[in-house]
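Novice: Residue numbers (numbering that gives the first Met the number 0), protein chains in the order written: chain A, 0 to 308; chain B, 0 to 267.
Hints in this document: simulated from the structure, not taken from any laboratory.
30 Å max Cα-Cα, derived DSS-like pairs, lysine-lysine:
no.	chain 1	residue 1	chain 2	residue 2
1	B	LYS25	A	LYS111
2	A	LYS250	A	LYS141
3	A	LYS135	B	LYS33
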Amino acid sequence: MTDEEDRRRQQGERRHPSEKDETAMPRRVRDSGRVRAAIRTELEEVAEDTAERRPGPSEKLGPGPRQKVITLEHIYLAFESPILEDVTFHARQGDTVVVVGESGTGKSTILKLILRLLVPDQGKVTIDGDDITHLKFDDALKVRQKMGMVFQGAALFDSMTVYENVAYPLREHTTLDEDEIEARVREKLQFVDLDPDRVMEQMPAELSGGMKKRVGIARGLANNPEIMLYDEPTSGLDPLTTATITYLIIKLQRELGVTSIVVSHDIRSAFRMASKIALLANRRIGFFGTPEEMTGSDDPYLREFLGGF
Amino acid sequence: MILDTFNDAAKRTVYSLQEFFVLAGKALGFIFVKPFYAADLFQQMDAIGVGSLGIVLLTGFFTGMVLALQSAVQLQTFGATDYIGRLIAGSMIRELGPVLAGLMVAGRVGSGIAAQLGSMRVTEQIDALNTLGTDPIKKLVTPRVLAALIMMPILTIINDFVGILGGSIIAKVYLGKPAALYWKTVFEQILSGGFTLHYIPNDFVQGLSKPFVFGGIISLVACYFGLKTSGGTEGVGVATTRTVVTASILILVVDYFLTQVLLAVFSP
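Just chain A, same shape as in the assembly (with noise of 0.2 Å):
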């Protein structure tokens, strides 16, 4: 404060309108100042709160280092305008790593690229350790059924019952016969707390957006694949179900060690399943770490986003 505002604060002076205050801030951006400080004081509590409780190393894999199952090495990928450049992170065997950044970011491209959907222009992707980025469409296919997708919208078909979407897979690369199909169907339905007998007989278009998302985490799980892949998981849902659906994607990452990849712009769901958070900006890689790594940076945009959260 200057001199001459005290004294015309001490004096009870007014300024006049037309005088104008640089120094000041709008009231709306002192306001939406606070909010952030008091998002980012929020965040930081979850991820205090929720450290002890979020996934770590998964029981079922014991203990000693654990290896790299899903590896990005400095990925280059343009379409009209360049996508991604120099994405580099990994996810270790049982971690859940949280991709988050702002809408339109490449986020969902990062899952194609991991799945092979998509080709890098530079850069490699290996899963378990063998380098995907130059497999033919066959092989592609073969590595696909190592990993469980959920998609942002369920993606279930719907011309098939509850029961067929699930069964699907394990329709199309084992040879198990019927009943152990049904059997295995209703495991994973009860997994992910739906009752089979209730729902294996519904059509996709019976059931809420919450069921769905559950329906789907089932069909990626019914081939028990090592690692499971989520595009925007609670994106749409209302607060109660994006709980269960992120208490889901723990308890999966906890009881069977999966090593997860979910992208998603949810970053209080995001606090509570990560064991890792890989911040995409500006089509890189800004951030990698653990939630409290993140809340405990100084860097200026972390501290943006997050308050803008």
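The hints should help you fit chain B onto chain A, whose structure is shown.
Specialist: Relative to chain A, chain B alone:
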């Protein structure tokens, strides 16, 4: 500027054609590669064949009748009404049967396939198939193409028969020609075109090779536009319209060139 626009348009067209022929090659190649999706094939045969039966029966019957009516007026001026069966059989079997069945199926089945695959594309179901380790072309396109290749000739045979039957009713009611005479001239027409491999009438070869080609055109065009759908539900509408327009035009254009070739090869 204009040259650049023309250049870009030409590149896009060539690229689209390349994509179409790659899709066609894969879809046809997968017919002989395991796994065979037999249940999907029978489901599609039912949807394409049985589902189109009503529309094909109606089209064939009324086309045969109107053809007989128009022909009767012309033939009466020459006193050649005895030959009405020949005229109708020739027209229906060689030309009208295949083309009309093709256009009807393009409208009914082509639009359906494009809308279904387009919806699957925009709701990420095609991506889901890919991620579940299934080739969408093998699972979705091959059964539809094979079903269309099998069912189109069958639909055309039904269309031809019903058309000739419709003609016989007009010949009897309008011209007073006995049914025996009408059907005798129909068979005369079929036999007069010569034979392939000593036993198969050339009219049948011509009349059944066309729907086989049309079935391929309809299913492949529909699958191509369906799988290329983008832009949400609006995109599904665009894909459906493009399918019907493109398939219908292709049927008429290909019919002309196919007729030229078939006449050259199978002329009596």
